[in-house]
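Participant: Sequence:
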Amino acid sequence: MKWFKRLIYTLLVCTIIGGVAVGSLYLYVKPELPSVEALRDVRLQTPMQVFTADGELISQFGEKRRIPVELQDVPQPLIDAFLATEDSRFYQHFGVDPIGVLRAFSVLVTTGEIQEGASTITMQLARNFFLTFERAWMRKIKEAFIAVHIEQLLSKDEILELYLNKITFGHRAHGVGAAAQVYYGKPLKDLTLAQMATIAGLPKAPSNLNPISNPIASKARRRVVLLRMLDENKISQAEFEEAANAPVTARRHGAEVTVNAPYLAEMVRQEMVDRYGDDKAYNEGYKVYTTIRSDVQLAARQAVWDNLHSYDERHGYRGPVSLLWSAEKEEEPVEEPAIRQYLEQLRVIGAVTPAVVIAVGEQSAEVMVKDEGKITLPWEAMHWAREYLNEERQGPPPETAGEIMQPGHVIWLRRVNDGSEWRLAQIPEPSSAIVSLRPDDGAVAAVVGGYSFQLSQYNRALQAERQVGSNIKPLIYSAAFEEGLTLATLVNDAPINQWNPGSGIAWRPKNSPEVYEGPIRLRKALAKSKNVVSVRLIREVGVKQVADHLAKFGLDRSEIPENESLSLGSLSMTPMQVARAFAVFANGGFLVEPYFIERIEDADGNVLDETDPARACFDCDKPAPQVISEQNAFLVEQAMNSAVWGGGSWPNGTGWNGTSWRIQRSKPITEAVGRNIAGKTGTTNDVRDTWFSGFTSSLSTTVWVGFDDVSRKLGRTSKHPEVDSSQQAITGGEAGAKTALPGWILFMEKALPLFPSREFGIPPGVVNVRIDLESGKLSHKSDYTTRFEYFIRGTEPTEYSRNNGNSDSDIFEDNDDDLF
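Remember, my numbering sits 83 above the position in the sequence shown when you count from 1.
These are computed hints drawn from the structure, not numbers from a lab. There could be a bad hint or two in this list.
[Stated by the list, open to error] Restricting the straight-line Cα-Cα distance to at most 27 angstroms, the calculated cross-link-like pairs of lysine-lysine (DSSO-like) are:
| hint | residue 1 | residue 2 |
| --- | --- | --- |
| 1 | LYS287 | LYS147 |
| 2 | LYS147 | LYS239 |
| 3 | LYS272 | LYS302 |
| 4 | LYS302 | LYS147 |
| 5 | LYS627 | LYS593 |
| 6 | LYS272 | LYS147 |
| 7 | LYS269 | LYS249 |
| 8 | LYS269 | LYS287 |
| 9 | LYS287 | LYS302 |
| 10 | LYS269 | LYS147 |
| 11 | LYS239 | LYS249 |
| 12 | LYS147 | LYS249 |
[Claimed, not checked] Simulated restraints on C-beta separations:
| hint | residue 1 | residue 2 | range |
| --- | --- | --- | --- |
| 13 | ARG430 | VAL690 | 36 to 42 angstroms |
| 14 | LEU310 | ASP240 | 25 to 31 angstroms |
| 15 | ASP631 | GLU597 | 29 to 35 angstroms |
| 16 | SER503 | ARG401 | 24 to 30 angstroms |
| 17 | CYS703 | GLU153 | 41 to 47 angstroms |
| 18 | ASP137 | ARG758 | 28 to 34 angstroms |
| 19 | GLN175 | VAL690 | 41 to 47 angstroms |
| 20 | ASP791 | GLN581 | 31 to 37 angstroms |
| 21 | VAL793 | ARG430 | 26 to 32 angstroms |
| 22 | GLU411 | GLN581 | 56 to 62 angstroms |
Where is the CB? At the ideal position from N, CA and C, for every residue including glycine.
Produce the entire structure from the sequences given, and follow the hints as far as they go.
Facilitator: Written out as structure tokens, the structure is:
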């Protein structure tokens, strides 16, 4: 009995000492315990996601890949795998597992080292959120107190959900949702038991047990997880055998991007960093919804690809990318498994996919395509491939497939005809950009900054300031209309030869092509893009006044040169600036501000910011600034409409085409908007830049094509292909109408049916009177020599043509002798 009393006394003293020790430790670490608010407001470092207007994922940005999930959405076998492996008594303990602690203590006593941490899931959560990963007694004590603290404030399910979303799995994947995507490219619900066990085995050592970098160790760890599940009666023996023997299927996957729009994604990323800073932008889980529909953006990307490949085929084939083997060097062909392995290392770039030529027939070839296997490439897919000599010249047309490719050639292919066929291709050397805006408020409908973001992150849509050529003319004509000139005003379309005493040379601006028609109405002059007429207009209005007028369209006045070369497009602008300027004509004279972010939501779906743009309207709450009159915009719109539809076709041959006449051939466009469309080509000296810009009431779209190297020409300036004595082809001339306009048409054919357009209505203050086509004066006739023309009230002619322009004296009467 005496012995028993001493034991009781000793236990009591130890209990008191232990209690005092625990209390003292608690008081010591209490200042570091998280508050209730901190625990309930735990912020997962979640990446920013960028979406299209219709909810398709464009990209995500952030150091940590995370896809937050709710516990109810986690498959039960995955939960069982984690609990069996990490904390089988999770639902029984209070945050610290006494049995686990005793086990770890016994190991310490027997070995003298801390080999087991006895960490529960709650303790791991405490360490992940609030502590470091160092192995020290004080850290373990703090971890235990925080774990108990957490258990008092949160339910078991809340703790488990936080754990599954917080834990690290390697390859920047944090949380089970991201792990499933990174390693298997699919959502949690689609994982197999073997894949779930692999993920559950990763937290112990994400780097060493990684199924991508160390598949053997990962498979061994997977077996351990499955054995624990078997011991806990969570799976059957048959399920264990099947999962344990399953092959390792993990490989690196990107985010579940459903719309590839990297230039747009980068625009959003930069804007979000500017607004919120790096830390918040990348870690707060923002969801950014853009103004861009997925189908419209994909149409823009495809238009850029198809148009550049069409240009590329016109200029010849530059040969294979490399040689895998060469029959000429008597090298042995590579076996098919090795070819497949080789192709796996190559990237798909833009629209082109790598392939290896296996065999070549008379007019066909057998090729191995990355991720597709063997296909037969027919003659129709390769016969375009004349040898490339330079931008202006190609070799003779090939007659056999062997003249184009040989076994062992590594080549590029692209899909055509809606993906049903393959075609020989190459990565285009020039680049292109497309920008499409909604004229009513400036919302970006589509933007593509180049052929491939992989090749160049340079966003030509926003950053490439290039000479605009004749795309400047509508703005110059607007300045002329501001000074009282009209669509019927006659200007002399004749060569200019101006001697410059300072330089000792003459300035001789020319039309392209060099055709001159004498006195010409401004409607027709803009539609046919007469260079010398633009020069005469800028002289009539004044260089400074024109420059001041151009600045109204959102351009930096200090960047606008004050010289007559401005009339020919020497001013440099970005495609975004051009599309914005043309939107002024489309919306009745308002300068809208382009924007591409519709709204920003936080991780919980609450709207943080929503764009409220100024609009092109007279009586709304937030009107955009009106920089030109509605009447002025209408006159420019009319002249650009004639660039599309020309001057009609009359029995006596007086009809004529504008520079944008190819749009007439597009049935999807004409069915969508009828004749309510306007456009303007643009080509710079030596064909270094080509443009096409056009609009309806619903879209203002600009396409640019050129080399990033401004010294390179796109091709000849002649208009017709030729063949020299050696049968080498000389490429036909490149120009805005041939090089940029087809890309514009390809895009607008898909986009315009999705954006209902209004007719080009006649604004108040505009009158319509019949004029004589030769003199621009009033006419009593109603035949092909006349037409109704629009005028701003007060500028319409007051005199009648005496003989409908049958004599030069009548044409020039009451006008300046040289017509400017």
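Participant: If a hint holds in the structure, say so; if it does not, say that too.
Facilitator: So, going through the hints one by one against the coordinates:
Taking the CA atoms of LYS287 and LYS147, the gap is near 19 angstroms; set against the 27 angstroms cutoff, the hint holds. For the hint pairing LYS147 with LYS239, the CA-to-CA distance comes to about 25 angstroms; that is within 27 angstroms, so the pair holds. With a C-alpha separation of about 21 angstroms, the suggested pair LYS272 and LYS302 falls inside the 27 angstroms cut-off, and the hint holds. In summary, the hint linking LYS302 to LYS147 is supported, as the alpha carbons are separated by about 25 angstroms, within the 27 angstroms threshold.
About 23 angstroms separates the Cα atoms of LYS627 and LYS593, which keeps this hinted pair within 27 angstroms; it holds. A threshold of 27 angstroms between alpha carbons decides the hint, and for LYS272 with LYS147 the separation of about 22 angstroms falls inside it, so the pair holds. Our distance criterion of 27 angstroms between C-alpha atoms is met by LYS269 and LYS249, whose separation comes to about 19 angstroms. Under the criterion of a C-alpha separation no larger than 27 angstroms, the hint pairing LYS269 with LYS287 is consistent with the structure, at around 23 angstroms.
Among the hinted pairs, LYS287 with LYS302 is consistent with the structure: their alpha-carbon atoms are about 14 angstroms apart, no more than 27 angstroms. A hinted pair counts as satisfied when its Cα atoms are at most 27 angstroms apart, and LYS269 with LYS147 qualifies at roughly 18 angstroms. Straight-line distance between C-alpha atoms of LYS239 and LYS249 comes to about 15 angstroms, which keeps the hinted pair within the 27 angstroms bound. Taking the CA atoms of LYS147 and LYS249, the gap is about 10 angstroms. The hint holds against a cut of 27 angstroms.
Under the hint 36 to 42 angstroms, the C-beta atoms of ARG430 and VAL690, about 38 angstroms apart, fit the expected range. Range check, LEU310 to ASP240: about 26 angstroms between beta-carbon atoms, so the 25 to 31 angstroms window is met. Range check, ASP631 to GLU597: Cβ separation about 32 angstroms, and the 29 to 35 angstroms hint holds. Take SER503 and ARG401: their Cβ atoms lie about 26 angstroms apart, and the range 24 to 30 angstroms holds.
The hint said 41 to 47 angstroms for the Cβ distance between CYS703 and GLU153, and at roughly 42 angstroms that hint holds. Between ASP137 and ARG758, the C-beta spacing of about 30 angstroms keeps the proposed range 28 to 34 angstroms intact. Range check, GLN175 to VAL690: Cβ separation about 43 angstroms, and the 41 to 47 angstroms hint holds. Distance hint check for ASP791 and GLN581: the Cβ-Cβ separation is about 34 angstroms, which falls inside the suggested range of 31 to 37 angstroms.
Between VAL793 and ARG430 the Cβ separation comes to about 28 angstroms, which falls inside the hinted range of 26 to 32 angstroms. GLU411 and GLN581 have their C-beta atoms about 60 angstroms apart, which keeps the hinted 56 to 62 angstroms range intact.
Taken one by one, the earlier hints all hold for this structure without exception.
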